[in-house]
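Protein chains in written order, with the numbering used here: chain A, 1 to 99; chain B, 100 to 241.
Keep in mind the hints are simulated off the structure, nothing from the lab.
There's no promise every hint is true.
[What the hints assert, rightly or not] Derived DMTMM-like pairs: lysine to aspartate or glutamate, alpha-carbon spacing no greater than 25 Å straight-line:
#1 66(A) / 206(B)
#2 159(B) / 139(B)
#3 94(A) / 141(B)
#4 66(A) / 141(B)
#5 30(A) / 202(B)
This structure is a prediction, so every number in the text was calculated from the model and none was measured.
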Amino acid sequence: MLSISINNENDKLEVALIGEVDIYTVDMLKNKMDEVQEVKGKEIIFDLEKLDYIDSTGLGALIGVKGKHPDAVIKVVNMKSNVSRLFDITGLSKIFITE
Amino acid sequence: MEVQTKEDAVKISLTLPGIPEFVSVARLTLSGIANRMGFDIDAIEDLKVAVSEACTNAMKHGCNIADDSYVVNYIVSGDRLIIDVCDSGRGFDLEAVESPDFDNPKENGLGLYIIKTLMDEVEVKSLENNGTIIRMIKQLEE
Ligand SMILES: Nc1ncnc2c1ncn2[C@@H]1O[C@H](COP(=O)(O)OP(=O)(O)OP(=O)(O)O)[C@@H](O)[C@H]1O
Ligand SMILES: [Mg+2]
Numbered sequence: 001m002l003s004i005s006i007n008n009e010n011d012k013l014e015v016a017l018i019g020e021v022d023i024y025t026v027d028m029l030k031n032k033m034d035e036v037q038e039v040k041g042k043e044i045i046f047d048l049e050k051l052d053y054i055d056s057t058g059l060g061a062l063i064g065v066k067g068k069h070p071d072a073v074i075k076v077v078n079m080k081s082n083v084s085r086l087f088d089i090t091g092l093s094k095i096f097i098t099e
Numbered sequence: 100m101e102v103q104t105k106e107d108a109v110k111i112s113l114t115l116p117g118i119p120e121f122v123s124v125a126r127l128t129l130s131g132i133a134n135r136m137g138f139d140i141d142a143i144e145d146l147k148v149a150v151s152e153a154c155t156n157a158m159k160h161g162c163n164i165a166d167d168s169y170v171v172n173y174i175v176s177g178d179r180l181i182i183d184v185c186d187s188g189r190g191f192d193l194e195a196v197e198s199p200d201f202d203n204p205k206e207n208g209l210g211l212y213i214i215k216t217l218m219d220e221v222e223v224k225s226l227e228n229n230g231t232i233i234r235m236i237k238q239l240e241e
């Protein structure tokens, strides 16, 4: 299961992912990200503190966010070790700012 | 109850429908088996990703119609865990699949690369229009 909490402020868009992103839940993530208004010029921050699981479907969705907002600074924070491992393996740590 | 010797392989099979919400069942089963075998938490997380990638592919590329099913076999052979994911779809050639281009990340094409990175051995048996078996093996580290 996945739940998503979005906090859209003046200068930044915070997206917290809670649970699992896989082929079943990824559409929910894509739809939520498509619904968000006025992203231009904002920093996008994905908080993955409570994300237990992600695979290529979810990583693909994050790459899609980068594709849609190529100029945005995208940060990915608070990753669990299994998640950050996948970011390293797939080179995503290079296109997102991870901490 | 008979005592299982190390040489005896035990097989656990799951038949899953080509419906996205049930891939998590393959992960849960994997966790149970890998945990029993003594894999540590990090290894179990890796195995979960690998089995999900293979199931996702079986569903996305292998199942022709929505109510197609695919099979996951977990084979415990001594301290090796062998996972076969079998579909009856169009098949593909592993050699012909390109590695991802890290300078130009794309939304697709990461799954097999991730599987190969996380597992010790990966083998694909596939015939055109005659399904795919992807076999993934992970050795229990002492
Ligand atoms: N079970 C399968 N049956 C038929 N073709 C497959 C199968 N598994 C993989 N393929 C082929 O191999 C290609 C690469 O698979 P891979 O998992 O790496 O990427 P993807 O599934 O396209 O995207 P991603 O996994 O990143 O979401 C697929 O696009 C597909 O053409
Ligand atoms: Mg895939």
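Each hint, compared with the structure:
1. 66(A) / 206(B): The hint holds at about 10 Å.
2. 159(B) / 139(B): 30 Å, violated
3. 94(A) / 141(B): Cα-Cα ~23 Å, so holds.
4. 66(A) / 141(B): 28 Å, violated
5. 30(A) / 202(B): 23 Å, holds
Checked against the numbered hints above, the structure violates hints 2 and 4; every other hint is satisfied.
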